[in-house]
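Produce the complete structure using the sequences and hints provided.
Just so we're on the same page, this note's numbering is the position in the sequence shown counted from 1, plus 26.
Hints may contain errors.
Below are the DMTMM-like pairs computed for lysine to aspartate or glutamate, each with C-alpha atoms no more than 25 Å apart in a straight line [said to hold, decoys possible]:
| no. | residue 1 | residue 2 |
| --- | --- | --- |
| 1 | K572 | E584 |
| 2 | K157 | D47 |
| 3 | K157 | D187 |
| 4 | K127 | D76 |
| 5 | K510 | D78 |
| 6 | K127 | D77 |
| 7 | K263 | E209 |
| 8 | K127 | E209 |
| 9 | K572 | E588 |
| 10 | K510 | D494 |
| 11 | K562 | E584 |
| 12 | K510 | E554 |
| 13 | K489 | E588 |
Simulated from the structure, these hints should not be mistaken for laboratory data.
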Amino acid sequence: MDISARPTDSADAKLPLLSEDRLAEYFTAAALILPVLLFLRVLFFDFVYDDDVQILGNPWIHSFRNLPMFFTQPVWGFLHRPDIHSYYRPLSLVLPTIFYKLFGEEPLGWHAVNLVLHVLTVAAVLWTGKKLFQDRLAASLGALLFAINPIHTESISWVTDLPEILFAFFVVLSFGAYLRARESESSSRWWWFLSWSMALLGLLSKETALCLPILIFLHAALLPQRSSATGFGRVKKALALATPYLALSAAVFFARHYALRSTRAAGYPELFGSLVHAPAAIAFYVLHLVFPFRLALFYTLPDFYSPTPEAALVWIAVFAILFGGAVFLLRRFSSALFFVLWIALTILPAIVALGTLGIHDAVHDRYLYLPSVGFSWLIALTVARRETWSFPRQKVLLTALIVALCVSWCVACIHENQYWRNDFTLYQRAAERSPENVLALTSYALQCDRQGQPEEAVALLRKASALDPDYFSAWNGLGAVEAKLNHVPEARAAFARADALVPDSQPAVHAQIALQLAEMELRARNPEAAILQLAKTLALAPDNPKAHMGLAAAYALEGKMEDSRREQELANSLYSHAVTKKD
Numbered sequence: 027m028d029i030s031a032r033p034t035d036s037a038d039a040k041l042p043l044l045s046e047d048r049l050a051e052y053f054t055a056a057a058l059i060l061p062v063l064l065f066l067r068v069l070f071f072d073f074v075y076d077d078d079v080q081i082l083g084n085p086w087i088h089s090f091r092n093l094p095m096f097f098t099q100p101v102w103g104f105l106h107r108p109d110i111h112s113y114y115r116p117l118s119l120v121l122p123t124i125f126y127k128l129f130g131e132e133p134l135g136w137h138a139v140n141l142v143l144h145v146l147t148v149a150a151v152l153w154t155g156k157k158l159f160q161d162r163l164a165a166s167l168g169a170l171l172f173a174i175n176p177i178h179t180e181s182i183s184w185v186t187d188l189p190e191i192l193f194a195f196f197v198v199l200s201f202g203a204y205l206r207a208r209e210s211e212s213s214s215r216w217w218w219f220l221s222w223s224m225a226l227l228g229l230l231s232k233e234t235a236l237c238l239p240i241l242i243f244l245h246a247a248l249l250p251q252r253s254s255a256t257g258f259g260r261v262k263k264a265l266a267l268a269t270p271y272l273a274l275s276a277a278v279f280f281a282r283h284y285a286l287r288s289t290r291a292a293g294y295p296e297l298f299g300s301l302v303h304a305p306a307a308i309a310f311y312v313l314h315l316v317f318p319f320r321l322a323l324f325y326t327l328p329d330f331y332s333p334t335p336e337a338a339l340v341w342i343a344v345f346a347i348l349f350g351g352a353v354f355l356l357r358r359f360s361s362a363l364f365f366v367l368w369i370a371l372t373i374l375p376a377i378v379a380l381g382t383l384g385i386h387d388a389v390h391d392r393y394l395y396l397p398s399v400g401f402s403w404l405i406a407l408t409v410a411r412r413e414t415w416s417f418p419r420q421k422v423l424l425t426a427l428i429v430a431l432c433v434s435w436c437v438a439c440i441h442e443n444q445y446w447r448n449d450f451t452l453y454q455r456a457a458e459r460s461p462e463n464v465l466a467l468t469s470y471a472l473q474c475d476r477q478g479q480p481e482e483a484v485a486l487l488r489k490a491s492a493l494d495p496d497y498f499s500a501w502n503g504l505g506a507v508e509a510k511l512n513h514v515p516e517a518r519a520a521f522a523r524a525d526a527l528v529p530d531s532q533p534a535v536h537a538q539i540a541l542q543l544a545e546m547e548l549r550a551r552n553p554e555a556a557i558l559q560l561a562k563t564l565a566l567a568p569d570n571p572k573a574h575m576g577l578a579a580a581y582a583l584e585g586k587m588e589d590s591r592r593e594q595e596l597a598n599s600l601y602s603h604a605v606t607k608k609d
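In structure tokens form, the structure reads like this:
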């Protein structure tokens, strides 16, 4: 993909600052420096979202003895729940184990890892772009646009999103090594080995790296190098180049199936739900890729069609026709077509997983991290073409447009990452940005309660439960806050609704609801009602020390001191056993 042969112009000597080599140097320096400056304050942010579960509350990453187990267990296996979303990402457990030994529970080091890895990914995009374009200006511009794209705010600011950056880094590096292997005969074996090794590491970081073999195939088929083969011969050659990557993918997915054997549906997506919501999600991702502003953790999918399978098929057909038309128009420009396909293929896994994630948590900016590489290269290819960069005045105009775009993106980065300071600001932003998203409302409500604003929390939770009457977390949270306010009838009703939404296959959740009700009844000095709820808790979780402690308090209120002492001793014994087991 050589776009470097541009006509020279004598007027270039009058504009030394606009020479292509000088601009390439500026773009390269900016690509490596600006991300650090724009996201430097992230280093001093708290753990947010589910960092407390996956890092602070994950006992697996607290010991190196667990390293072999990471290759035979799902990421969420430490929760010991068969119904939770499960992923096979061993490196996403191996590296945090190392980081936990280095940084412990201080977020600064963890944030630094994400930022450093992003800069390394920028360097990989720059190096791969040089091999791809055979042009310094296009490669450096593509790296700069990728480096400062505001859409990366979530991936850089959220510690637990390490897998997103990690797998993208390995995929881009593997693709660059593949390009280097094809252009070098003498040392190609080592470059092929590096490319395959990076591909394997990408697959062990996140399943989405499965897109790499397809990208290799498309690149070899659309942009052949030093080959006169046409038609079937070109396809055959492309398939041969992609085969080792397909073999690695098959091996990793076999291991994945083994690791997820104990989870429901082996962690595979629900394609029916994905089909229903695919059109809205496609529109969302295209919009955010082109206009990466007004970002948040949660979003409400655009409601521009009736969410039924029939309507979804119609909209998918419309998208397919539009995409087919774009492919037809871009056939003369194989390089541009390849980048469009890069974007489409790397977004596709997020679309397929829609049915598994749930409508309130279906779309996220982080899924655009790797697609934005192709988008950045597409812009760079368009801007750096010799037809658009031939005359000094045109260079001035293009440079001004690039600077304007970069400045707007830099300002957006600074603005958007401030909301990731802590959970309160993060969820507040999500609730403001997506007031119809019940997950955003519920998360913000619980933060309001922790900040001493229970009345605000109740209002938000009531709104959330009205928007989605079947949303368990909203009802459970409403019951907890109402109980804290001593609104006993309201709390009972909310907890009853939450309990009705929990399937029988989750006894631990039923037990927890009963325990919360018992604690409320104890505060209201209703020992009989408390004992009934505690009995239900113990029927589901006999070794729950909190339940036995509650029984001790309830018996004391009834004057049954002997029973109270017995339950107190039993609770103390269970607490001691739990501490010993943890140690």
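Those earlier numbered hints the structure runs against, lowest number first
Violated: hints 3, 8, 13.
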